[in-house]
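> Order-wise, the sequence lines are chains A and B. The UniProt record's numbering puts the first sequence at residues 1 to 388. The UniProt record's numbering puts the second sequence at residues 1 to 386.
Be aware that one or more of the hints could be misleading.
Here are the simulated EDC-like pairs of lysine to aspartate or glutamate, each with C-alpha atoms no more than 16 Å apart in a straight line [to be verified]:
(1) LYS343(A) - GLU62(A)
(2) LYS388(A) - ASP259(B)
(3) LYS236(A) - GLU382(A)
(4) LYS388(A) - GLU258(B)
(5) LYS190(A) - ASP161(A)
(6) LYS44(A) - GLU62(A)
(7) LYS91(B) - GLU132(B)
(8) LYS109(B) - GLU139(B)
(9) LYS164(A) - GLU137(A)
(10) LYS97(B) - GLU137(B)
(11) LYS250(B) - GLU382(A)
(12) LYS321(A) - ASP259(B)
(13) LYS388(A) - GLU350(A)
(14) LYS195(A) - ASP161(A)
(15) LYS195(A) - GLU63(A)
(16) LYS388(A) - GLU132(B)
(17) LYS253(B) - GLU367(B)
(18) LYS253(B) - GLU382(A)
Bear in mind the hints are in silico, worked out from the structure with no lab data behind them. For clarity, every value in this text was computed on a predicted model and none was experimentally measured.
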Amino acid sequence: MEIYLDNSATTKTRAEVMESIIDIYENNYGNPSSLHRMGMEIEKKIDWARKSVAKVINARTEEIYFTGGGTESNNIAILGYLSNFFISKCVDKTFNVITTKIEHPSVYNIFKQFESVLDVRYLDVDSSGKIEISELENRIDENTLLVSIMQVNNELGTVQDLDKIIEIVKSKNRRTKIHVDAIQAFGKMKVDTKKTLVDTMSFSSHKVHGPKGVGGLYVRSGYKINPIYFGASQEKGIRPGTENTAGIVGFGKACELICDNFQAETEKLYNLKKQYGMRLIQKIDDIKINSDLGRNSAPHILSISFKNIRGEVLVHYLERKGIYVSTGSACSSKVKSDNRILKSIGLNKEYVDGTIRISFGHYNSVDEIEYVVNTIKQSVNEIRMIMK
Amino acid sequence: MYNLLAVSFGEIFLKGKNRNTFEKKVIEQIRSSLRGFSDIVVYKDQGKVFIETKNEYDMDEIINKVKKIFGIVLISPSIKVEKDVEIIKNKTKELIKYLCSKQNIKTFKVETHRSDKTFPIKSMDFSAIMGEEILNEFENLRVDVHNPDIYVYIDIKNSAYISSEKIKTVGGLPVGTSGSALLLLSGGIDSPVAGYMIAKRGVQIEALYFHTYPFTSERANEKVKHLAELLEEYCGKIKLYSVNILEIHKAIKENCREDETTILARRFMMRIAERIAKDNNIDMLITGESLGQVASQTMKSMIVIENSIDMPILKPVVGLDKTEIMEIARNIGTYETSILPYDDCCSVFAPKHPLIKPKLHVIENAESNLDVDGLIEKALSTLEIL
Numbered sequence: 001m002e003i004y005l006d007n008s009a010t011t012k013t014r015a016e017v018m019e020s021i022i023d024i025y026e027n028n029y030g031n032p033s034s035l036h037r038m039g040m041e042i043e044k045k046i047d048w049a050r051k052s053v054a055k056v057i058n059a060r061t062e063e064i065y066f067t068g069g070g071t072e073s074n075n076i077a078i079l080g081y082l083s084n085f086f087i088s089k090c091v092d093k094t095f096n097v098i099t100t101k102i103e104h105p106s107v108y109n110i111f112k113q114f115e116s117v118l119d120v121r122y123l124d125v126d127s128s129g130k131i132e133i134s135e136l137e138n139r140i141d142e143n144t145l146l147v148s149i150m151q152v153n154n155e156l157g158t159v160q161d162l163d164k165i166i167e168i169v170k171s172k173n174r175r176t177k178i179h180v181d182a183i184q185a186f187g188k189m190k191v192d193t194k195k196t197l198v199d200t201m202s203f204s205s206h207k208v209h210g211p212k213g214v215g216g217l218y219v220r221s222g223y224k225i226n227p228i229y230f231g232a233s234q235e236k237g238i239r240p241g242t243e244n245t246a247g248i249v250g251f252g253k254a255c256e257l258i259c260d261n262f263q264a265e266t267e268k269l270y271n272l273k274k275q276y277g278m279r280l281i282q283k284i285d286d287i288k289i290n291s292d293l294g295r296n297s298a299p300h301i302l303s304i305s306f307k308n309i310r311g312e313v314l315v316h317y318l319e320r321k322g323i324y325v326s327t328g329s330a331c332s333s334k335v336k337s338d339n340r341i342l343k344s345i346g347l348n349k350e351y352v353d354g355t356i357r358i359s360f361g362h363y364n365s366v367d368e369i370e371y372v373v374n375t376i377k378q379s380v381n382e383i384r385m386i387m388k
Numbered sequence: 001m002y003n004l005l006a007v008s009f010g011e012i013f014l015k016g017k018n019r020n021t022f023e024k025k026v027i028e029q030i031r032s033s034l035r036g037f038s039d040i041v042v043y044k045d046q047g048k049v050f051i052e053t054k055n056e057y058d059m060d061e062i063i064n065k066v067k068k069i070f071g072i073v074l075i076s077p078s079i080k081v082e083k084d085v086e087i088i089k090n091k092t093k094e095l096i097k098y099l100c101s102k103q104n105i106k107t108f109k110v111e112t113h114r115s116d117k118t119f120p121i122k123s124m125d126f127s128a129i130m131g132e133e134i135l136n137e138f139e140n141l142r143v144d145v146h147n148p149d150i151y152v153y154i155d156i157k158n159s160a161y162i163s164s165e166k167i168k169t170v171g172g173l174p175v176g177t178s179g180s181a182l183l184l185l186s187g188g189i190d191s192p193v194a195g196y197m198i199a200k201r202g203v204q205i206e207a208l209y210f211h212t213y214p215f216t217s218e219r220a221n222e223k224v225k226h227l228a229e230l231l232e233e234y235c236g237k238i239k240l241y242s243v244n245i246l247e248i249h250k251a252i253k254e255n256c257r258e259d260e261t262t263i264l265a266r267r268f269m270m271r272i273a274e275r276i277a278k279d280n281n282i283d284m285l286i287t288g289e290s291l292g293q294v295a296s297q298t299m300k301s302m303i304v305i306e307n308s309i310d311m312p313i314l315k316p317v318v319g320l321d322k323t324e325i326m327e328i329a330r331n332i333g334t335y336e337t338s339i340l341p342y343d344d345c346c347s348v349f350a351p352k353h354p355l356i357k358p359k360l361h362v363i364e365n366a367e368s369n370l371d372v373d374g375l376i377e378k379a380l381s382t383l384e385i386l
């Protein structure tokens, strides 16, 4: 048996997506830059994929750029904008950039790098993982170049109020740019770039049942960012290099599937999150649910802490029973360090170590709940017996 | 340039009648260590072992591998030619040209060794002939018989062998000539070094790894497997056993004092190791203990731990500082793997304040609360060969 509940780390590629990928490798393997017909045919497919991705966030087709993944999208968005200032050398510590303490490493570590040259301001979060709008308001000034905020936190599922954030930022400083890391939100939360006026937004294919190695970057029309490495003119020079054609078309297919069934899929995920959360609270003592079980957090992420256990031990107990979950966030959880995000929400130390993340996807169903919850209960009891 | 590696043995020569067996073992090791290369011939010519390759560009990698074989003290990259004076002259000049292109050479000395007495020119005379030839060809070179920049060695056997460089290797005795031992291999820095040091004295190594899955990760298994593979470059094939001792830790946790945990667990590990060793005709155990490094490695602890079994335990790093052990680990190439951050057995169950001066009767008393034999059987039922 295999019950995969680590969909925030990555997802199983959907069969329809696999088909479209194989089709490209078999029948449309041309290079879009080639002048001949094969080049044109694959170019058309990429245009189709771009349209399909754009539709998920109601963007214009030409506002979507394909990249090598979510990390790359974040890097291009942030470095590609800030490099304008570094090139013209008009930057020093009088200028500031703002982000949060709970960003993914692909954003957080960029800002860490800039601490020596810019005034980097990190926003605190409350116990649910949300930033205080008033703090944001206080810290923006006429010298704020950029605000970068993740829409959905990858460990907690916390959703930030983007519309409010944008309103505050733009009212305080019209020139401040806003980047949103939407990697966990994309395809799971309704995002409308015509109403939510971000400047750049990043997302990733493999988090939504598409292939790995492909990501997307939304760049608002008229906003100029530089490439972070150089080559030919693919993706208007922002992301040079021969396109990952099959990956891009696969991503397009995954997005088509999202739009086909958005409402029902998210309802299903919300229901799973709620059911799991409720059952776990009922069955297990000394437990803390770190995610909101309702509509105030992402539908697919459930963070739970058990007192006096170790998350990684629970992960191994569950893998023995064919259940796959993660401790903290998968991208960084192999690194042994204190959990920055769980600490940010003020979680007690005896709970931090015992935190796991269950994250849902297309292939999960309510039929699995009973088995999973019972197995977690047994495992937690056993681990507590041993560790007490 | 080179198409051949000449191999010189070390202490093996001291071992009289055993010499043949020892040589055979080394040749076996060479063959197994080089099995990934094609067109390799290992042969003996009048008492000396040679490794011949058709692919010159493999030579550096071959040297790297052969350097790690115990029982060899020196290797020299060589050129094999027919025993024809003109051919030897030409190849020697070629070699010197090659060496001059790599380093600044002003002086040289030729040394000839003639094992084949049917060769008409005596060693001294032949060296003189070659010296003259070289002086005529290379105007900038002079002879220095006391402290030359390079030596040119010419070895006349069934074929003629020309060489210059002698590379020092690890030494030791050929693996498998001194019995066998079971290494308690954790994921740490010390135990691979201990295994290396004993294998160097000719001992065939097998290894045993204790884990507490699911309290440890499967990645930790992979790490230990990788460490064993790294050691195999020196020790030859290592059979790696793993045993899950979670049930033992559970029982200790439930029935004994926390500060006794480490000592009790170590005694169980020794007993299990002894059982596996005896079942597999292994002579001794090896641990990476270093005196005073941690609580279980004080003298008092060692006494109590060792008391649990009858088999001798070799502790080659017992007198080394941590930094000295780390240096060896770096030299043999296990350090980088050892420091990877996967939990090993100890960390989850390590008590906050372990006993550093345990008393045997107290520990034996604690064990009377445990079904020692039953727990050992239970642990052995999880025995796997990785």
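> Look at each hint and say if it fits the structure.
Hints and how they fare:
Between LYS343(A) and GLU62(A) the alpha-carbon distance is near 40 Å, which puts this suggested pair outside the 16 Å criterion. With a CA separation close to 15 Å, the supplied pair LYS388(A) and ASP259(B) stays within the 16 Å bound. Among the hinted pairs, LYS236(A) with GLU382(A) is inconsistent with the structure: their alpha-carbon atoms are about 57 Å apart, more than 16 Å. For a cut-off of 16 Å, the pair hint linking LYS388(A) to GLU258(B) stands: about 11 Å separates their Cα positions.
With a C-alpha separation of about 12 Å, the suggested pair LYS190(A) and ASP161(A) falls inside the 16 Å cut-off, and the hint holds. Between LYS44(A) and GLU62(A) the alpha-carbon distance is near 14 Å, which keeps this suggested pair within the 16 Å criterion. Restraint check: the Cα-Cα separation between LYS91(B) and GLU132(B) comes to about 15 Å, which is no more than 16 Å; the hinted pair holds. At roughly 15 Å between alpha-carbon atoms, LYS109(B) and GLU139(B) fall within 16 Å of each other, so this suggested pair holds.
Our distance criterion of 16 Å between C-alpha atoms is met by LYS164(A) and GLU137(A), whose separation comes to about 11 Å. About 10 Å separates the Cα atoms of LYS97(B) and GLU137(B), which keeps this hinted pair within 16 Å; it holds. A threshold of 16 Å between alpha carbons decides the hint, and for LYS250(B) with GLU382(A) the separation of about 10 Å falls inside it, so the pair holds. For a cut-off of 16 Å, the pair hint linking LYS321(A) to ASP259(B) is broken: about 33 Å separates their Cα positions.
Taken as a hint, the LYS388(A) and GLU350(A) pair is honoured in the structure, with Cα atoms around 12 Å apart against an allowance of 16 Å. Using a Cα cut-off of 16 Å, the hinted pair LYS195(A) and ASP161(A) holds, with the two alpha carbons roughly 13 Å apart. Our distance criterion of 16 Å between C-alpha atoms is met by LYS195(A) and GLU63(A), whose separation comes to about 15 Å. Pair hint LYS388(A) plus GLU132(B) does not hold up; C-alpha atoms about 84 Å apart against a cutoff of 16 Å.
Between LYS253(B) and GLU367(B), the direct Cα distance comes to roughly 12 Å. Compliance with the 16 Å bound is thereby established for this hinted pair. With a CA separation close to 13 Å, the supplied pair LYS253(B) and GLU382(A) stays within the 16 Å bound.
Figure legend: structure checked against the earlier numbered hints; hints not met, in rising order: 1, 3, 12 and 16.
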